[in-house]
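Novice: One line per chain: the protein sequences are V and F, in this order.
Per the working numbering, the first sequence starts with residue 1, numbered consecutively.
Per the working numbering, the second sequence starts with residue 1, numbered consecutively.
Just so you know, these hints were derived from the structure itself, not from any lab.
These figures come from a predicted structure and were not determined experimentally.
Don't be surprised by glycine CBs; every beta carbon is placed ideally from N, CA and C.
One or more of the hints may lead you astray.
[As the list claims (entries may be wrong)] Below are the BS3-like pairs computed for lysine-lysine, each with C-alpha atoms no more than 27 angstroms apart in a straight line:
# : chain 1 : residue 1 : chain 2 : residue 2
1 : V       : K66       : F       : K156
2 : F       : K156      : V       : K106
3 : V       : K6        : V       : K60
4 : F       : K185      : F       : K218
5 : F       : K267      : F       : K306
6 : F       : K284      : F       : K119
7 : F       : K84       : F       : K55
8 : F       : K284      : V       : K106
9 : F       : K57       : F       : K43
[As the list claims (entries may be wrong)] Which residues of chain V face chain F? A partial, calculated answer using Cβ under 8 angstroms:
#  : residue
10 : P10
11 : D91
12 : P98
Next come the chains, spelled out residue by residue.
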Amino acid sequence: MNQKLKILPPTMRDKKRYIAFELIFQGHMTREDVIDTIIEGSLYLYGACGTGKFDIWVVKLWKCGKNTSPHGNPDENYMRGIIRCRREEVDSVRAVLPTITRFRGKHVVFHTLGISGTIKSAIKNFIKL
Amino acid sequence: MIHNISYRAFVYGTESKEKVLEAISTLFPNSSPQCEATEGYYKNQVLILHDKIDKKKSIKEFVELLSSMDDPAKKRIINQLEDKMDDYGNLFLRFDKQRAYQGDLKVVEHGDSIHTKIKIAAYPAKKRWHWKLEGNYSTKKNYRENFYDLNISGNKGIVQEAERLGFAGVSLTYNFDDYNSEISKEYDELKHESNILMRNCLEINCKNPEELKKKVRKSRKIADIVLVRGGDNRINRAACEDRNVDILSQPYRNRRDSGMNHVLARKAAENDVAVEINLSSFLKTNLRYRHRIVSQFRHIMALKRKYGFSVIITSGARSSYDQRNPLDIFALSNCFGMTENESFEALSIIPQHIIDRNDNRDNFVLDGVRTVVEL
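Turn these sequences into a full structure, and let the hints guide you.
Specialist: Next comes the structure, spelled out in structure tokens:
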């Protein structure tokens, strides 16, 4: 039987940080695509060894719909999201986002909106939907 | 350790040039100063004797002379060191002309003296660059106002995006060969509409140093910032040796090495030519070869730390997709081995210095002197 592990005591848990980001893409992107793009970017920048230390994960993603892009182009897709990572590696993870330039041959750009200690405050301060 | 010493002494109408020369020879026995004739306020003739000493032997002799001064005099200099040094590591000392003529050294405050400017070799060269980031910079919103991107090109959209991302100023880059009155008019309109600081920058693309010299001279008259596209060894060198060049762009372009060595680094530091780290060259390179760009950037930074030339980070953006948030650039530059202070210098202090210098370029009379108010 697949038994669920007991939750670690707080002192043993990794300290986390939440990076709020926005992404502008010329086509359509699903949540899986965003995860793949970020992980791939991290693998190219730091390799498997570096990426393994980050505990990187896309927690939430909001699609803001068309005509919301800050570039003012109606064909672009604008999304906002939150990435979780280890507190010690937050700067390294932040460096991954600007290195992502293309997805399926089309332009994509990620900008960090801010860093927060909880999902709640990340939404309140940076996602602001 | 001293890089160089420059001095200046005035010969007023009532003084004899030979005697002032003799006074100078007490301080600098091997120097043969240049003479410049000027006119005083009352139309009296004033001669200016000046020279720059960068020979190690002469500098050593001068240091020995300084150390032979009596203890109270030395103590006085040390106590006033903070006031007598500027932000760029220059120590200014004035030696009494009359006493020097008698073979004695005395540091004075009044103007009738031999003015010496001693460039101290230090890293970082600029005092105000000892700037320290306290805590997490992402929380300090006021820092956002100070970032500049000196190499972008495009239309209104790209300027607006730079503003949205938190840049305080941008410089729009145009190719020197394509620049004409229409483009100039377009730029003026953009500048008028934009809410952030804007400057125009001419990118010079040339094949040999002679062509470079001509183009730099021409573009200096029409552009705020002059940028030379590097890559070729001779062009890199010529750009580093030209004081009229502001930025040497991508010295590593199409090369395996970084395009910079100790000789170019020293020249760039002497002539205040900033070397550009262009992010688009990193982002647009195939993923398989990005490691090469990173190692080139690292090499440039290693030379910068030793020789103290300026490095700036620019996005090199040609569309909104190439632009990045300044704080993301901070994080990315960490991969190139840059510290937070170095990134801040490269993205804020040095671009600001380049803009300020070019805004005041017409007012500069000579090194360290500029016209404040014309009477």
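Novice: So which of the earlier hints does this model not fit?
Specialist: 6, 9, 10
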